[in-house]
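With chain B fixed as given, assemble chain P onto it according to the hints.
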Amino acid sequence: MPSFVKTFEFWNRKFHYYLGLYFLFFLWLFSLTGLMLNHQSWFTDLYERHETIYDPDIEAPAGETQLSQTLDVMRQLKLKGEIDWPAAQPVGHIDFNVSRPNGAAQVRVDLNARHAYVKEFTNGTLHAFQIFHTFSGSRFNQPASRRDWAVTSVWVLAMDALAAGLIVMVVGSYYMWWRLKKRKTLGVVVLAGGVLSCWVFVAGVL
Amino acid sequence: MLYRWLRDLHLYFGLFISPFILLFAASVFYLNHGKLIAGTDAPAETYRDLDVPDGFDRLKGREAVDRAAAILPQVRLSGEIGYLRYVAKDRHLIFPVSKAGFEATVDVDLDARTATVKRRSMNLWESLSYLHKMPGPHNAAIRGNWVGTGIWRLFADATIYLVLFISLTGLYLWWAIKSERRAGFVLLAAGAFTFVGLVYAVIR
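If you're matching them up, the sequences are chains B and P in order.
Mapping to the working numbering: the first sequence position 121 is 121, numbers consecutive.
Mapping to the working numbering: the second sequence position 50 is 1050, numbers consecutive.
Warning: the hint list may mix true and false statements.
[Said to hold, decoys possible] Each computed DSS-like pair below joins lysine-lysine, with the alpha-carbon atoms no more than 27 angstroms apart:
id, chain 1, residue 1, chain 2, residue 2
1, B, LYS181, P, LYS1178
2, B, LYS14, P, LYS1035
3, B, LYS6, P, LYS1178
4, P, LYS1035, P, LYS1089
5, P, LYS1060, P, LYS1035
6, B, LYS184, B, LYS6
7, B, LYS14, B, LYS184
8, B, LYS119, B, LYS80
9, B, LYS14, B, LYS119
10, P, LYS1118, P, LYS1089
11, B, LYS119, B, LYS78
12, B, LYS182, B, LYS14
13, P, LYS1035, P, LYS1178
14, P, LYS1178, B, LYS182
15, B, LYS80, P, LYS1118
[Unchecked claim] Coverage of chain P stretches by chain B, computed from C-beta distances (three or more under 8 angstroms per stretch; other residues unrestricted):
id, region
16, 1006–1015
17, 1099–1105
18, 1182–1190
Simulated from the structure, these hints should not be mistaken for laboratory data.
Positions of the beta carbon are idealized from the N, C-alpha and C atoms, including for glycine.
Extracted from the complex, chain B is given alone in its bound form (with noise of 0.2 angstroms):
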């Protein structure tokens, strides 16, 4: 066997441990939370979430444009998160929700009178665990939608690393199952089992 061939089964069989072990947690995240997001059945009072309502004086907000004044408000008010505006601003106002797994902000500012009406929502445990898995910042069928938190960049590129390593992982085993001669039969068998499966479902037999 070529030494190039030895050295990429060397590498490949670790990595294939390595990268499981290092991603071990955020599998198990979202593995549990998609159990949760397609058996919401199973739980009772999940949405409910503790309310608290102010409206404190602000200061006019710093800055030109819509993005740089709701960050200083934020800053002002102490939130922190995604940012999500409504499709039309009243006039004289910055309205905006601001929300994270644990929670969510629902912010009216009236520039003139200096002043912000605040609705906080504090979510239960469960509910912030669920929310991790789709907290991403961004929709695709909504193309104006876009990360605004750098927070939000870093879970998302923990999602994209998890899934680049997973996929690294599964293309590595079919080599590694592959070389083992009293397996491929069976193994076969089995592969063109999940393939079939998942193609009735892809091509939208099922």
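This is chain P only, laid out in the frame that chain B set:
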């Protein structure tokens, strides 16, 4: 003996669910970074003389959805009904129908017994993302109203349970290789540190 059994189960269960893992993993990139570019919809089609069930003015939930599903074969559709919207003013019933590959909006005039159907096809990435998100948390009371969604739910659940099984057996198989324990511990600890650090950064 236990080692051999677990190694074989790890291998064969892994092979079976590997296409599903690839589907879930690949669709993550589209869900996180993709943007839907609205394509050209096919022209709306009208179907007449439909056999339309009654009761949409008073029925809700799964019962209403089951009745709406009876209209689907008549307009040459099959798939999951997303929700129902009954417009009392002109007695119209409007609902989306979808499965991997396409989605459609059905607008039924209950009195005229006609239906207008607008179809839109999905590209492969959209189809993978659609499956990734199904059945999902929305409208849980009526979700799974099409047999395909019900079966997909079973496969999605099986994938999760088997991923958990494979990760646990993977831990056991790694632990059995004594020479890899130290490096494995370092990576496990690094992963745990990254995980806790990120979760803390998001919620603090």
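Here is what the structure says about each hint:
{"no.": "1", "hint": "LYS181(B) with LYS1178(P)", "verdict": "holds (25 angstroms)"}
{"no.": "2", "hint": "LYS14(B) with LYS1035(P)", "verdict": "violated (36 angstroms)"}
{"no.": "3", "hint": "LYS6(B) with LYS1178(P)", "verdict": "holds (21 angstroms)"}
{"no.": "4", "hint": "LYS1035(P) with LYS1089(P)", "verdict": "violated (36 angstroms)"}
{"no.": "5", "hint": "LYS1060(P) with LYS1035(P)", "verdict": "violated (34 angstroms)"}
{"no.": "6", "hint": "LYS184(B) with LYS6(B)", "verdict": "holds (20 angstroms)"}
{"no.": "7", "hint": "LYS14(B) with LYS184(B)", "verdict": "holds (21 angstroms)"}
{"no.": "8", "hint": "LYS119(B) with LYS80(B)", "verdict": "holds (14 angstroms)"}
{"no.": "9", "hint": "LYS14(B) with LYS119(B)", "verdict": "violated (51 angstroms)"}
{"no.": "10", "hint": "LYS1118(P) with LYS1089(P)", "verdict": "holds (22 angstroms)"}
{"no.": "11", "hint": "LYS119(B) with LYS78(B)", "verdict": "holds (13 angstroms)"}
{"no.": "12", "hint": "LYS182(B) with LYS14(B)", "verdict": "holds (22 angstroms)"}
{"no.": "13", "hint": "LYS1035(P) with LYS1178(P)", "verdict": "violated (47 angstroms)"}
{"no.": "14", "hint": "LYS1178(P) with LYS182(B)", "verdict": "holds (25 angstroms)"}
{"no.": "15", "hint": "LYS80(B) with LYS1118(P)", "verdict": "violated (41 angstroms)"}
{"no.": "16", "hint": "1006–1015", "verdict": "holds (count 5)"}
{"no.": "17", "hint": "1099–1105", "verdict": "holds (count 4)"}
{"no.": "18", "hint": "1182–1190", "verdict": "holds (count 5)"}
In summary, the numbered hints that this structure violates are 2, 4, 5, 9, 13, 15.
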